[in-house]
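**Q** Each chain, letter by letter, is given below.
Protein chains: 2
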Amino acid sequence: MKLMQLYASMKSDLQAIEDEMAATVTSDLPILSETSLHLLKAGGKRMRPVFVLLAGKFGSYSLNTLKKVAVPLELIHMATLVHDDVIDDADTRRGQLTVKSKWDNRIAMFTGDYIYAKALTVVTDLEKPRIHQILSGSIVQVCIGEMEQIRDFFNVGQSVRNYLKRIRRKTALLIAISCQLGAIATDAPVRISNALYRFGYNVGMAFQITDDLLDLCGSEKAIGKPPGSDLRQGNITLPVLYALQEQAIRERLLGEIESIKASDGRSDSSAAVKLVRSSKGIKDAEQMAERYIAKALRALEPLPNIPAKRNLADIARFVAKRSY
Amino acid sequence: MKLMQLYASMKSDLQAIEDEMAATVTSDLPILSETSLHLLKAGGKRMRPVFVLLAGKFGSYSLNTLKKVAVPLELIHMATLVHDDVIDDADTRRGQLTVKSKWDNRIAMFTGDYIYAKALTVVTDLEKPRIHQILSGSIVQVCIGEMEQIRDFFNVGQSVRNYLKRIRRKTALLIAISCQLGAIATDAPVRISNALYRFGYNVGMAFQITDDLLDLCGSEKAIGKPPGSDLRQGNITLPVLYALQEQAIRERLLGEIESIKASDGRSDSSAAVKLVRSSKGIKDAEQMAERYIAKALRALEPLPNIPAKRNLADIARFVAKRSY
Chain W
146 MKLMQLYASM
156 KSDLQAIEDE
166 MAATVTSDLP
176 ILSETSLHLL
186 KAGGKRMRPV
196 FVLLAGKFGS
206 YSLNTLKKVA
216 VPLELIHMAT
226 LVHDDVIDDA
236 DTRRGQLTVK
246 SKWDNRIAMF
256 TGDYIYAKAL
266 TVVTDLEKPR
276 IHQILSGSIV
286 QVCIGEMEQI
296 RDFFNVGQSV
306 RNYLKRIRRK
316 TALLIAISCQ
326 LGAIATDAPV
336 RISNALYRFG
346 YNVGMAFQIT
356 DDLLDLCGSE
366 KAIGKPPGSD
376 LRQGNITLPV
386 LYALQEQAIR
396 ERLLGEIESI
406 KASDGRSDSS
416 AAVKLVRSSK
426 GIKDAEQMAE
436 RYIAKALRAL
446 EPLPNIPAKR
456 NLADIARFVA
466 KRSY
Chain Y
146 MKLMQLYASM
156 KSDLQAIEDE
166 MAATVTSDLP
176 ILSETSLHLL
186 KAGGKRMRPV
196 FVLLAGKFGS
206 YSLNTLKKVA
216 VPLELIHMAT
226 LVHDDVIDDA
236 DTRRGQLTVK
246 SKWDNRIAMF
256 TGDYIYAKAL
266 TVVTDLEKPR
276 IHQILSGSIV
286 QVCIGEMEQI
296 RDFFNVGQSV
306 RNYLKRIRRK
316 TALLIAISCQ
326 LGAIATDAPV
336 RISNALYRFG
346 YNVGMAFQIT
356 DDLLDLCGSE
366 KAIGKPPGSD
376 LRQGNITLPV
386 LYALQEQAIR
396 ERLLGEIESI
406 KASDGRSDSS
416 AAVKLVRSSK
426 GIKDAEQMAE
436 RYIAKALRAL
446 EPLPNIPAKR
456 NLADIARFVA
466 KRSY
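The listed protein sequences derive, respectively, from chains W and Y. At position 51 of the first sequence the residue is numbered 196 (the numbering used here), and the sequence of numbers has no breaks. At position 285 of the second sequence the residue is numbered 430 (the numbering used here), and the sequence of numbers has no breaks.
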């Protein structure tokens, strides 16, 4: 089944989640509704809701219950993006003006806080303490991941392991628990929710690596922002770390990164991007992403053969093949 | 009983809460521990824990249970302060360097996010969904209050009602639920937790009004920051609103506020502060604070006559009398 068909088949449930997200962030304070709905309208793949819904097929599927998990997960992801944009000083995301650019940093910060808080009110409707524990514990990890990212800006001496640890917190965890909580919320057996967690974790890792590849190899049109943004802000990603291991490239690349750093991110990163593209870093990072996808597919194996299992596998395969 | 004696009598329980707060924010990421512990060490009145503990005396007092309420409430308050300091561009708080000044705005933002998230993990140990609901709902209101404050910066046309609505969200609510949740966590009857909510709400309103008075009438030494800070950042408080109602003062005060606004908060607010001090705005605001204290004391009346009732009354009376 193609991905578009999958989305089409889930359309009405995804729309219900979209409506619930809009209702959740609508406030009696117009500015908060405006900023929050601006974010919602910018769209996105709604990956977390898709995973929650598919995971819910392994238990007693109930849209009403799954909504209470999918909405907070996607809102928490959105709140992180708003705060990220403040940090990254990003003017556009997904081709749309960011909240910090359309309004200002203060408003972006409190919009993020507000969306976080609203997300949590939704999940309190579910009287399953385990879900609250997993969710709040994961937000802590996401925050630590964000802080690690700041710490590691322009750190060209960091290890691949360090990079992987950071994206685990920053991205993979929230996708892992999307799968896990969809199963827990619908009372699927623990071995199933655990397998889905492993699936989500591995897909999430592959997804972030591919995202980082896109930032280097994608066109501005395809990725909705100028390529090389990561390098400009000092975010040293996997392909760059691999490129730095290449003797013929290392010194020149270090020089380029140093000059970006010295210019406070104002200088052009295209020379650095070109160097990384010419290195084996791209291929190596692609292979790493593929290994994670293979692990994700293996995690699915013990699950019952229902259509959702095939859907999850299709998504995993797609993640590794996002084009640039 | 004097307030110092009350703190002394609660010392070991408050210390247990202090230790739990420190343990909660300690992270395997050194920078997060440093920023969070820096905030903790700056101290504070720990008003929310005090209220939680005293409210717990009306139920089956258990320090272990009450900790799980007091720690998140105080941490949420701290997280708000860190984000406030980013917005206010404040360099000191309680006489100490702020996180945004000692580190930077990005680090302050994620420290706040991290502390929020950690606070919520603590409360998930309590398997009482009602507590989660009240807590997360209140954080939403606090965020709305913060945003209202930004919206209302330099708005000299705002009503007293508008001001009261804003401080209700920004301050009073968290104090109200400190009292309420202390009672709920220890299984006190609903009429008691409701009465304690009303008590806390009214004390909280009086507290914020007094705080706003202090910013105008206190010495730099007493308040740990230069007086007139609120006006400099455009925060129009109750005494100022009342002063603006005074014909003899109105035009000059409007002129001063206008010039602070035009200077982007860099100009001196001492002329404006002097005008407000010379107006009836101080007296009027004091009377408003006293009315809230009177209401707080009335809310206590139906409660059983245990020592905690007298302690709460003492605190309420003290709040109205903070000197400047």
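Please note that a few of the clues may not be correct.
Because identical chains cannot be distinguished in the list, a pair is counted as satisfied if it fits within a single copy or across any two copies.
Claimed, not checked - Listed next, the in silico SDA-like pairs over lysine to any residue satisfying Cα-Cα at most 25 Å (straight line):
1) Lys-406 with Arg-467
2) Lys-186 with Arg-443
3) Lys-310 with Arg-251
4) Lys-147 with Glu-396
5) Lys-202 with Arg-462
6) Lys-366 with Ile-337
7) Lys-273 with Lys-425
Read the hints as simulated data drawn from the structure, not as lab findings. All of these numbers come straight from a predicted model, not from anything done at the bench.
**Q** Against this structure, judge whether each hint is valid.
**A** These are the hints, each one checked on the structure:
1. Lys-406 with Arg-467: Neither, since 30 Å and 50 Å both go past 25 Å.
2. Lys-186 with Arg-443: Neither, since 36 Å and 49 Å both go past 25 Å.
3. Lys-310 with Arg-251: between (30 Å within a copy, 21 Å between copies)
4. Lys-147 with Glu-396: The answer is neither: 44 Å in one copy and 69 Å across copies each exceed 25 Å.
5. Lys-202 with Arg-462: So Lys-202 and Arg-462 pass the 25 Å test inside one copy only (20 Å; across, 58 Å).
6. Lys-366 with Ile-337: Close neither inside one copy (39 Å) nor across copies (61 Å); limit 25 Å.
7. Lys-273 with Lys-425: So Lys-273 and Lys-425 fail the 25 Å test inside a copy (48 Å) and across (54 Å) alike.
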